[in-house]
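*Asks:* Let's have the full structure, built from the sequences with the hints guiding it.
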Amino acid sequence: MFSEDMSCCVKWEILMHERFSDVWICKGFGRASDGADPTELGRAVLAAYLAGRSPRGETFRVVVRTDDGGQFVITPSQLADPGWKADPAICRELPVYLRNALA
Numbered sequence: 009m010f011s012e013d014m015s016c017c018v019k020w021e022i023l024m025h026e027r028f029s030d031v032w033i034c035k036g037f038g039r040a041s042d043g044a045d046p047t048e049l050g051r052a053v054l055a056a057y058l059a060g061r062s063p064r065g066e067t068f069r070v071v072v073r074t075d076d077g078g079q080f081v082i083t084p085s086q087l088a089d090p091g092w093k094a095d096p097a098i099c100r101e102l103p104v105y106l107r108n109a110l111a
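Numbering of the sequence shown is given in our numbering, commencing with residue 9 and proceeding in unit increments.
Check the hints yourself; a few may be wrong.
Claimed, not checked - In silico PhoX-like links for lysine-lysine, alpha-carbon gap of 25 Å or less:
id : residue 1 : residue 2
1  : Lys19     : Lys35
2  : Lys35     : Lys93
3  : Lys93     : Lys19
Said to hold, decoys possible - Pair by pair, the computed Cβ-Cβ distance ranges are:
id : residue 1 : residue 2 : range
4  : Glu26     : Asp76     : 28 to 34 Å
5  : Gly77     : Cys34     : 15 to 21 Å
6  : Gly38     : Gly77     : 15 to 21 Å
7  : Cys17     : Asp95     : 14 to 20 Å
8  : Gly77     : Lys35     : 20 to 26 Å
9  : Gly78     : Trp32     : 16 to 22 Å
10 : Tyr105    : Ser41     : 17 to 23 Å
11 : Thr83     : Phe28     : 18 to 24 Å
12 : Cys16     : Gly65     : 32 to 38 Å
13 : Phe37     : Asp76     : 18 to 24 Å
Don't read these hints as lab results, they were simulated from the structure.
By construction, the Cβ of each residue, glycine as well, lies at the ideal position given by its N, Cα and C atoms.
*Replies:* Written as structure tokens, this is what we have:
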């Protein structure tokens with residue numbers, strides 16, 4: 009049974025572009041059910057994944073999909089705002105390894 013006040017589920021994937029075969033390879037995935045803003049969730053996931061990691065020329069992105077069929081693609085260029093900080097409510101929805109990377 010679905011009602012308007014139920015939380016929606018958003019699913020996210022961390023993808024790395026493999027330049028030699030020109031395909032996107034899944035490096036991690038997860039979901040959140042608090043109705044978080046998909047763009048902010050994607051930014052938090054990507055920022056956490058890239059924290060302390062040397063990309064060695066690799067290209068990463070996060071794709072966030074919502075229950076209603078929406079899709080949002082977050083790239084590192086969207087993390088360039090120096091004043092941006094992940095919302096603590098969104099961080100609580102992340103797996104521990106990503107949450108700890110943002111701490």
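*Asks:* Hints first: check each against the structure and report whether it holds.
*Replies:* Status of each hint after checking the structure:
1. For a cut-off of 25 Å, the pair hint linking Lys19 to Lys35 stands: about 14 Å separates their Cα positions.
2. Restraint check for Lys35 and Lys93: the C-alpha separation of about 23 Å stays at or below 25 Å, so the hint holds.
3. Under the criterion of a C-alpha separation no larger than 25 Å, the hint pairing Lys93 with Lys19 is consistent with the structure, at around 21 Å.
4. Against the hinted window of 28 to 34 Å, the Cβ-Cβ separation of Glu26 and Asp76 comes to about 30 Å, which satisfies the hint.
5. Separated by about 20 Å at the C-beta atoms, Gly77 and Cys34 satisfy the suggested range of 15 to 21 Å.
6. Hint check: Gly38 to Gly77, Cβ distance near 19 Å, so the stated range 15 to 21 Å holds.
7. A hinted range of 14 to 20 Å for the beta carbons of Cys17 and Asp95 is consistent with their spacing of about 18 Å.
8. Evaluation of the 20 to 26 Å hint for Gly77 and Lys35 yields a pass: the beta carbon distance comes to about 24 Å.
9. Roughly 19 Å separates the CB atoms of Gly78 and Trp32, a value that falls within the hinted 16 to 22 Å.
10. Between Tyr105 and Ser41 the beta carbon distance is about 19 Å. The supplied range of 17 to 23 Å therefore holds.
11. Hint check: Thr83 to Phe28, Cβ distance near 20 Å, so the stated range 18 to 24 Å holds.
12. Hint check: Cys16 to Gly65, Cβ distance near 36 Å, so the stated range 32 to 38 Å holds.
13. One distance hint, 18 to 24 Å for the beta-carbon pair Phe37 and Asp76, holds here, with the actual separation near 19 Å.
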